[in-house]
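Asker: Just need the whole structure built from these sequences, with the hints factored in.
If you read the sequences in order, they're chains A and B.
Using the UniProt record's numbering, the letters of the first sequence map in sequence onto residues 1 to 757.
Using the UniProt record's numbering, the letters of the second sequence map in sequence onto residues 1 to 199.
Keep in mind the hints are simulated off the structure, nothing from the lab.
Hints may contain errors.
Below, a list of computed lysine to aspartate or glutamate pairs in the DMTMM-like style, where the Cα atoms sit at most 20 Å apart [stated by the list, open to error]:
#1 A/714 - A/670
#2 A/339 - B/26
#3 B/84 - B/47
#4 A/339 - B/111
Anything over 10 Å on all C-beta distances counts as not near chain A; from chain B, calculated [claimed, not checked]:
#5 27
#6 57
#7 76
#8 89
#9 98
#10 109
#11 131
#12 132
#13 142
#14 143
#15 150
#16 184
#17 187
#18 199
Ideal Cβ placement from N, Cα and C applies to all residues, glycine included.
Listed below are the residues making up each chain.
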Amino acid sequence: MLLSAQMSFGQKCDLILRGKILHQENDDPIEAAYVWILETRTGAVSDQNGNFVIRGLCPGTYTITVQFLGHKEIRQSVNLTGSSTAQTFRMEEESLDLTGVEVHGHREAVQTTTAVTSLYGEAMLQARGESLGESLKRVAGVTTFSTGNTISKPVIHGLHSNRIMILNNGIRLEGQQWGAEHAPEIDPFLADEITVIKGAETVRFGPEAMGGVILVNPPALPTSKKHLTEIHLLGASNGYMGNLSASHLGGSDKIKGLGYRVQGSVKRAGNVKSPNYYQANTGMSEYNFSSSLGYSSDRLGAEAYYSFFNTELGILRDSHTGNLSDLINIIENGEPFTKADFTYEINNPKQVVSHHLAKIKSHYHLNPEWKLNLQYGFQLNNRQEFDRRRGELNSRPSLDLELITNTLDLFVDHTIKTNWSGSIGLNVIQQANSNIPGTGVTPLIPNYEMFNGGIFAMEKYLKGPLELEGGVRYDYRQVSAARYVGNELQTADLDYQNFSAFVGGLYQLSPYFAFTSNLGTAWRPPNVNELFSQGLHHGAAAVEIGDPDLVSENSLKWVNGLEYESEKALVEFTVYANQIKNYIYLNPTGETFVSLRGTFNVYEYLQADAFFYGFDLSGSYTFSDRLNGYLKGSIIRAKNTEADNYFPFIPSDRMDWGVSYAFGKSSNPESDRITFSNVLVAQQKREPDFDLAPAPPAYALFNIGYQKKFQLAKNQFNVGFQINNIFNTEYREYMNRFRYFTADMGRNILLKLNYQF
Amino acid sequence: MQNFRKLPVYLVAAFTLGIVSCESDDPTPENEGEVITNVVLNFQELDASNNPVGTPVSFSAIDPEGIEVGATPTIQTINLKKGKNYRMTIAVTNSIEGEDISAEILEEADEHQFFFLGTAFTGNIMTIAYNDPSGKLIGLQNRLAVSSSPGTNNAQMRVVLRHDLDKNFPGATNPNFQNFEQAGGETDLDITFPVVINN
Numbered sequence: 001m002l003l004s005a006q007m008s009f010g011q012k013c014d015l016i017l018r019g020k021i022l023h024q025e026n027d028d029p030i031e032a033a034y035v036w037i038l039e040t041r042t043g044a045v046s047d048q049n050g051n052f053v054i055r056g057l058c059p060g061t062y063t064i065t066v067q068f069l070g071h072k073e074i075r076q077s078v079n080l081t082g083s084s085t086a087q088t089f090r091m092e093e094e095s096l097d098l099t100g101v102e103v104h105g106h107r108e109a110v111q112t113t114t115a116v117t118s119l120y121g122e123a124m125l126q127a128r129g130e131s132l133g134e135s136l137k138r139v140a141g142v143t144t145f146s147t148g149n150t151i152s153k154p155v156i157h158g159l160h161s162n163r164i165m166i167l168n169n170g171i172r173l174e175g176q177q178w179g180a181e182h183a184p185e186i187d188p189f190l191a192d193e194i195t196v197i198k199g200a201e202t203v204r205f206g207p208e209a210m211g212g213v214i215l216v217n218p219p220a221l222p223t224s225k226k227h228l229t230e231i232h233l234l235g236a237s238n239g240y241m242g243n244l245s246a247s248h249l250g251g252s253d254k255i256k257g258l259g260y261r262v263q264g265s266v267k268r269a270g271n272v273k274s275p276n277y278y279q280a281n282t283g284m285s286e287y288n289f290s291s292s293l294g295y296s297s298d299r300l301g302a303e304a305y306y307s308f309f310n311t312e313l314g315i316l317r318d319s320h321t322g323n324l325s326d327l328i329n330i331i332e333n334g335e336p337f338t339k340a341d342f343t344y345e346i347n348n349p350k351q352v353v354s355h356h357l358a359k360i361k362s363h364y365h366l367n368p369e370w371k372l373n374l375q376y377g378f379q380l381n382n383r384q385e386f387d388r389r390r391g392e393l394n395s396r397p398s399l400d401l402e403l404i405t406n407t408l409d410l411f412v413d414h415t416i417k418t419n420w421s422g423s424i425g426l427n428v429i430q431q432a433n434s435n436i437p438g439t440g441v442t443p444l445i446p447n448y449e450m451f452n453g454g455i456f457a458m459e460k461y462l463k464g465p466l467e468l469e470g471g472v473r474y475d476y477r478q479v480s481a482a483r484y485v486g487n488e489l490q491t492a493d494l495d496y497q498n499f500s501a502f503v504g505g506l507y508q509l510s511p512y513f514a515f516t517s518n519l520g521t522a523w524r525p526p527n528v529n530e531l532f533s534q535g536l537h538h539g540a541a542a543v544e545i546g547d548p549d550l551v552s553e554n555s556l557k558w559v560n561g562l563e564y565e566s567e568k569a570l571v572e573f574t575v576y577a578n579q580i581k582n583y584i585y586l587n588p589t590g591e592t593f594v595s596l597r598g599t600f601n602v603y604e605y606l607q608a609d610a611f612f613y614g615f616d617l618s619g620s621y622t623f624s625d626r627l628n629g630y631l632k633g634s635i636i637r638a639k640n641t642e643a644d645n646y647f648p649f650i651p652s653d654r655m656d657w658g659v660s661y662a663f664g665k666s667s668n669p670e671s672d673r674i675t676f677s678n679v680l681v682a683q684q685k686r687e688p689d690f691d692l693a694p695a696p697p698a699y700a701l702f703n704i705g706y707q708k709k710f711q712l713a714k715n716q717f718n719v720g721f722q723i724n725n726i727f728n729t730e731y732r733e734y735m736n737r738f739r740y741f742t743a744d745m746g747r748n749i750l751l752k753l754n755y756q757f
Numbered sequence: 001m002q003n004f005r006k007l008p009v010y011l012v013a014a015f016t017l018g019i020v021s022c023e024s025d026d027p028t029p030e031n032e033g034e035v036i037t038n039v040v041l042n043f044q045e046l047d048a049s050n051n052p053v054g055t056p057v058s059f060s061a062i063d064p065e066g067i068e069v070g071a072t073p074t075i076q077t078i079n080l081k082k083g084k085n086y087r088m089t090i091a092v093t094n095s096i097e098g099e100d101i102s103a104e105i106l107e108e109a110d111e112h113q114f115f116f117l118g119t120a121f122t123g124n125i126m127t128i129a130y131n132d133p134s135g136k137l138i139g140l141q142n143r144l145a146v147s148s149s150p151g152t153n154n155a156q157m158r159v160v161l162r163h164d165l166d167k168n169f170p171g172a173t174n175p176n177f178q179n180f181e182q183a184g185g186e187t188d189l190d191i192t193f194p195v196v197i198n199n
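Answerer: In structure tokens, the structure reads:
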């Protein structure tokens, strides 16, 4: 070996060896692994992306060793010829029998070349007490589509509801997500990390993942003796909200690899206050629970998980209008007619929703390169919506749905030692929706059964700073629906099938710069409400008419990202374009329908080609140990390219910036931090041809936050104090459906306590 | 490759779970409890001492399907005589379910109230006063007086039933309260009847 290296003497010694070091288990990059070339006695340490560079090498054959604590050493020879070389190393964990070695957690890292942003740690701490939708507003490019202050749905790059997907610990959340006023049935407290993928990810996650995917992940279960309890206690002045969450995480000391977690939360809030009045009947209560039990050995991983979500939400009294003139009157009035005081009481109209999710998951390492995965999930969703009704009917829900979903995933992962990794699998979704009789209202959507089967394959090639990936998927979906309209039975059998595919790449230009690009197709079959709606929507004083002949939406989304990360600066820039064929939307027909109750607008579901494009920017800069600044912004343009007009409820341009100052002791300045931030939202100038009221004007909100950390021996105590909307500014958000009826929430003062022991 | 022997175990597990599928319930026809199909205005002519004179006349608004899409309600023209007093009662029914909704309104007197609007009351053509036997202001029974010299023979009477309103709201005691929506609540009925005044 030594000889071969010497033989190259006299040649130009300017070759470079680049490489990337990853965990064999889950492709997570390994930071601080040691790479050594025996012959030259030179080496390098991998950075946080797992990358390393060794320069100034002569052509020849070298022996390379890669070392990292708890992992088997890699020893390999590399032949450097005329050009520089890049190589990927995957490190396998040492056998469990060795004492003192921690088993690597089995949580999967998201492997994608699309733009990905995660909320965790401090950002998660600041978001505690908020709904999932509200929390995710911290991610550039994510906004909310809300119904008052208690119901908010995340919007990724202008798409929401059934055009994005939410995964609760790896299981696609199947609630009644078609409804604009149906919030995701998930407790953000169960997660220690929430990840947003902003690309078309149908191949990986299945139909409907068109605009993006949200992964709500609980922490990895401990695999060795360890106990951690965490308590959150929060209070807010607006609505006198109180929120308590507790979780306990433990690892067994008797059985190595066995771990568990239990978590629960309760939340109660009363009427929300806009700057000048209370919003009548806007209280809410929520209680949630989740638990998991897991076992990990070097070969086998198994997990059982259960989560329960339960909420009762008051809906603004005056948003439930009798007819079009009621609606016009309240819009003209500019605020609700019903005057209210503060109360925790929740009356009709209200929603009562519960969601059970149980899953079992197992993986088995067939050998160091192949892994078999099986996951089964069961979900039961109950949704009851109550309206103001006469007499005994008032205590009966006017919408009462039970949705049962089974999901099954079976797939094989492989990670070849060097350059290749990928997975092949199948995915089955089986669903049944039933209207519980006795509502006294013809159901808005029919009873139905749905079956969706999909097969997919994807592969990734990794060579040093370059990653390339691609995948294909085929899905078949069958829906059979039945319902009575009056005494007439209507049935429909529909099927849909689709191919989807994606290609993507990542290039690490330098340790600081990375460029990603991803082009993916996605599809979404029409929803039952879009197919079969035929009835009155009280909140919009509208009659909505579905169309059983709608076809699937097909999209092509191209997402490009540029990330710069140095010691002081972090910049993420994402540009995207999304072409959607047969985009389904609710279109006002311009006709009105007259009944004994008065007049209503008539809306119908139509399809047209749509084009969405825009960019997200997020950056931060560390001026000094103490001073830090950040900026986030997003711009979305969405057009109906057939009719050459705009769709309703597309987020307007917005940005959010702030500075924070740390003023703890010089040894630990981060123990005290004060943050001042400012949210700027432009008026939506690209309005649809018809809207009940014009888009509200631009607004600016100012917030201030103070965070203090106490270290009490091994325990940590965090105190957070926030004032949102300091100046009690009266504003209306275009993306809030209740902007027609009321101003948004006024000033809110929050106290957030967190204790970890 | 020995380990691939585990594969059948996973496939069997997958198959077992796969057949645990569920079915939706068979749909059942729903009784439309909230729907109003018939609104009948009964006019009983009264003499000077409030005794009934002659046979009462009725005018109705009918929408046999309730609030379904498609059908338009049929609204009759109200014919009344110049200079006469009437007792006007309102009967509201759901003919699909054979339900007497007037009785429910009476039961929930605190939450319901009729308002009477339109040119019939603004153009010095007629006046109306609540006259419910219970003494509560509901509007299921009223006293109506037609002017002896109306400016015109043609007018409109808009009948609005509000639900869940604040009955103590200033002005809400007036059956012709124009700004009834300010008292909160929502509209259950909003029907405009043409009115013809005969000699």
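Asker: Does the claim that residue 142 of chain B lies outside the interface with chain A hold up, using a Cβ gap greater than 10 Å?
Answerer: 19 Å, holds
Asker: Would you say residue 187 of chain B is clear of chain A, with no C-beta pair closer than or equal to 10 Å?
Answerer: Since the minimum Cβ distance to chain A is about 3 Å, residue 187 of chain B lies within 10 Å and the statement is violated.
Asker: Are all C-beta atoms of chain A more than 10 Å from that of residue 109 of chain B?
Answerer: 12 Å, holds
Asker: So if I understand the rule, the pair passes when the alpha-carbon distance is 20 Å or less; does residue 714 of chain A with residue 670 of chain A pass?
Answerer: 17 Å, holds
Asker: Quick one, are residue 84 of chain B and residue 47 of chain B close enough, alpha carbons at most 20 Å?
Answerer: Cα-Cα ~8 Å, so holds.
Asker: Please check whether the beta-carbon of residue 89 of chain B is more than 10 Å away from every beta-carbon in chain A.
Answerer: Since the minimum Cβ distance to chain A is about 18 Å, residue 89 of chain B lies beyond 10 Å and the statement holds.
Asker: Against chain A, does residue 76 of chain B keep a CB gap of more than 10 Å to every residue?
Answerer: The assertion about residue 76 of chain B holds, with a minimum of 13 Å to chain A.
Asker: Say whether it holds or is violated: residue 132 of chain B keeps its Cβ farther than 10 Å from all Cβ of chain A.
Answerer: 18 Å, holds
Asker: Determine whether the non-interface label on residue 98 of chain B survives the test: each CB of chain A must be over 10 Å from its CB.
Answerer: 14 Å, holds
Asker: Classify the label on residue 143 of chain B as holds or violated, using whether its beta-carbon is more than 10 Å from each beta-carbon of chain A.
Answerer: Non-interface label on residue 143 of chain B holds, nearest chain A Cβ at 24 Å vs cutoff 10 Å.
Asker: Confirm or reject the statement that residue 184 of chain B sits farther than 10 Å, beta carbon to beta carbon, from all of chain A.
Answerer: 4 Å, violated
Asker: Mind verifying the non-interface call on residue 131 of chain B? Its CB should be farther than 10 Å from each CB in chain A.
Answerer: Given that every Cβ of chain A is farther than 10 Å from that of residue 131 of chain B, nearest at about 23 Å, it holds.
The structure fails to meet hints 2, 5, 16, 17 from the earlier list, while all remaining hints are met.
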